[in-house]
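Visitor: Sequence:
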Amino acid sequence: MRDRAHAAPAALGQGAAQVGVAEEAADRSGDVVGGERIEEQPGIADFMARAQHVADTIELDFLWECSPQDEFSYETLARDYFGHAPSAREAAALLTRLHGAPMYFYKKGRGRYKAAPFASSASQTHVSPGARLDEGVTLEGPCFIDEGATVKHGARIGPYSVIGRQCWVEEHATIERAILWPNSRISQEAVVRGAILGRHCHIGRNAVLRSPSVLGDKTVITDFSHF
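Residue 83 in my numbering sits at position 83 of the sequence shown, with consecutive numbering throughout.
Hints are computed from structural coordinates only; laboratory data are not their basis.
Built from N, CA and C at the ideal position, the CB exists for glycine as well.
Honestly, I wouldn't trust all of these hints.
[Stated by the list, open to error] Pairwise CB distance ranges (calculated):
hint, residue 1, residue 2, range
1, G130, H153, 35 to 43 Å
2, E135, H84, 50 to 58 Å
3, D134, I44, 21 to 29 Å
4, G109, A85, 18 to 26 Å
5, K114, P212, 35 to 43 Å
6, D217, C66, 38 to 46 Å
7, R50, E147, 20 to 28 Å
[Said to hold, decoys possible] No more than 20 Å apart at the CA atoms, straight line, and that leaves these computed lysine to aspartate or glutamate pairs for EDC-like:
hint, residue 1, residue 2
8, K114, E147
9, K152, E140
10, K114, E171
11, K107, D80
12, K107, D61
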């Protein structure tokens, strides 16, 4: 069992979680999970409400400690966490919890995740070998910068931030308590605090995006905008 450092609030990302999990459950309609068919539930909304009730009882620190160090499927983690083959409701509950905690778990593919690397120090920073950071970049842990990301001179990556694969953070931009999914771009002197950005988002120059904000894929915030 691994030590757990202080992590970002579990509530970060819950707005996006329900959408992603509902899509996952809908796509899996008719699948058998733990002996139950998702399609046999009273309806997707009711099913997700019941799954959320179970998800609220899942303690994130313990879930993180139970998770493998390597990439894993949510079904495998659900089996380990609950101690038995999970029911459809339990599987959806755990997926909800994973989806809503991007500072604890990074989504690596459909139904697959990897635990965040922060383990021993609240000030720890983790930069993937394939990331590129210019001189003059400021990192304040805990934060994580994934493969292929670029952070330019004068940019600041603040605590509880995740910079996804192939993201581009330009000069003197500030990212703090924010999650950037892959291929997003933050322009010069923009500020992103307490927000979650989907894939291929673009934040314009000198724009300010504050909490609570959740942007869908390919959202564009124009230069000098304030939200």
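Visitor: Indicate, hint by hint, whether the structure satisfies it.
Guide: Hints, verified against the model:
1. As the Cβ distance of G130 to H153 is approximately 19 Å, the hint placing it in 35 to 43 Å is violated.
2. Roughly 52 Å separates the CB atoms of E135 and H84, a value that falls within the hinted 50 to 58 Å.
3. In this structure, D134 and I44 break the distance hint of 21 to 29 Å, their C-beta atoms being roughly 46 Å apart.
4. One distance hint, 18 to 26 Å for the beta-carbon pair G109 and A85, holds here, with the actual separation near 22 Å.
5. Checked against the given bound of 35 to 43 Å, the beta carbons of K114 and P212, roughly 25 Å apart, lie outside it.
6. Checked against the hint of 38 to 46 Å, the pair D217 and C66 fails, with Cβ atoms roughly 30 Å apart.
7. About 37 Å separates the C-beta atoms of R50 and E147, a value inconsistent with the hinted range of 20 to 28 Å.
8. Proposed proximity of K114 and E147 is supported: the alpha carbons are some 14 Å apart, at most 20 Å.
9. Annotation: proposed proximity of K152 to E140 holds, straight-line Cα distance about 15 Å (limit 20 Å).
10. Using a Cα cut-off of 20 Å, the hinted pair K114 and E171 is violated, with the two alpha carbons roughly 30 Å apart.
11. For the hint pairing K107 with D80, the CA-to-CA distance comes to about 19 Å; that is within 20 Å, so the pair holds.
12. Under the criterion of a C-alpha separation no larger than 20 Å, the hint pairing K107 with D61 is consistent with the structure, at around 17 Å.
Hint violations for this structure: numbers 1, 3, 5, 6, 7 and 10, all remaining hints satisfied.
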